[in-house]
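Enquirer: Use the sequences and the hints to build the structure in full.
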Amino acid sequence: MCLECGCGLPYSPSARQRRKETAAPAPSQETILAVHESLLGANDEVADKNREKFNQHGILAINLMSSPGTGKTFLLETLIPLLPLRCGVVVGDLETDNDARRIARTGAKAIQITTGQACHLDASMVAGALSQFDLGELDVLFIENVGNLVCPASFDLGEAKRIALLSVCEGDDKPAKYPTLFHKADLMLITKADLLPHLPQFSPENAEGYLRKLANHSPCLTISSLQPETLTPLIEWITQTHAALKPSHQWKAV
Amino acid sequence: MHELSLCEALISTVRRQLATRPEYAGRRIKSLKVTIGALSGCEPDLLARMFPHASPGTVAEGAELIVDFQSARVACEACGTERDVAANLLVCPKCGDQGVKLVAGDEVLLTGLTLAEA
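As given, the protein sequences belong to chains A and B, one line each in that order. Using my numbering, read the first sequence as starting at 1 and increasing by one per residue. Using my numbering, read the second sequence as starting at 1001 and increasing by one per residue.
These aren't lab readings, by the way, just hints derived from the structure by calculation. Check before you lean on any hint, since a few could be wrong.
To be verified - Coverage of chain B stretches by chain A, computed from C-beta distances (three or more under 8 Å per stretch; other residues unrestricted): (1) 1017-1029; (2) 1048-1057; (3) 1085-1091; (4) 1098-1108.
Where is the CB? At the ideal position from N, CA and C, for every residue including glycine.
Expert: Given below as structure tokens:
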């Protein structure tokens, strides 16, 4: 309390004045440099190189992102045999090559990246995996990211498209809870739709509504990998997106 | 939780910046300023807590990390409004249109370096 007049202020006017004087910056030779550089710049450079490689070979690279257990691997197992395109897969997991082995059974080449404790794939991990593919033999490269709705969103891998998956076993407000990942998605898939009759608390319309609140106009498809006919719109989306890449690729080759 | 790798990225960004300015070689870094966007996927508090563990033995040893937060900011293509918005409500705050451009809030940037007196 102020001891000069008892006014209740934490410092008396004269004490405040003294504080001001001592707080004044002492003249120094400090140098302040203004910078404007993204911390992800090094990753983005590698991502651009990956992107250039994909473009050169006319490959549609798709980054699949979701929480663990939305059925990314099972979707690829069902989808790849139905796609009229040559597919390759890069799979990221903390441990095991189980997913790569499952996908390899479809006949598609699958490379597992075991990230250890890393919670996401980065561009250089993908660059390392690319060297194990014959890129001339591929039309589509699926990159199955580590199951995580937070970290993968920050890392550009060089992909052309990002697919965000959300299973009906989760909350339909996931896009509102994890906007960083969902606002940049080029397609949202609501998976495990065969379970919808048992999960009245999940509304695909609500999930799409939350995506629209992120100013994201991307398509939203409801699918079940157990019901391959529900994958038809997804197959169309992939083939059309791939076809849209092709002309510029062929134009360069001529 | 990738803030530790972001700290490492921060330190290599600082190293790269200093390499382009040889006139400041050998100067101790007093503080670093970073701007973290609401949609960047980086948690400001975690980054600040990780930094003292990542900096010893590097060019940034002993430096203070100053973190600025940047809200998501959209510019509406329909009505021209530009405003800060909540990270999970990115439509135009005025007219509700979805045709908006995210003008800030999705980056993690190194914005400033203070070098101690020579």
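Enquirer: Indicate, hint by hint, whether the structure satisfies it.
Expert: Here is what the structure says about each hint:
no. : hint      : verdict
1   : 1017-1029 : holds (count 4)
2   : 1048-1057 : violated (count 0)
3   : 1085-1091 : holds (count 5)
4   : 1098-1108 : holds (count 7)
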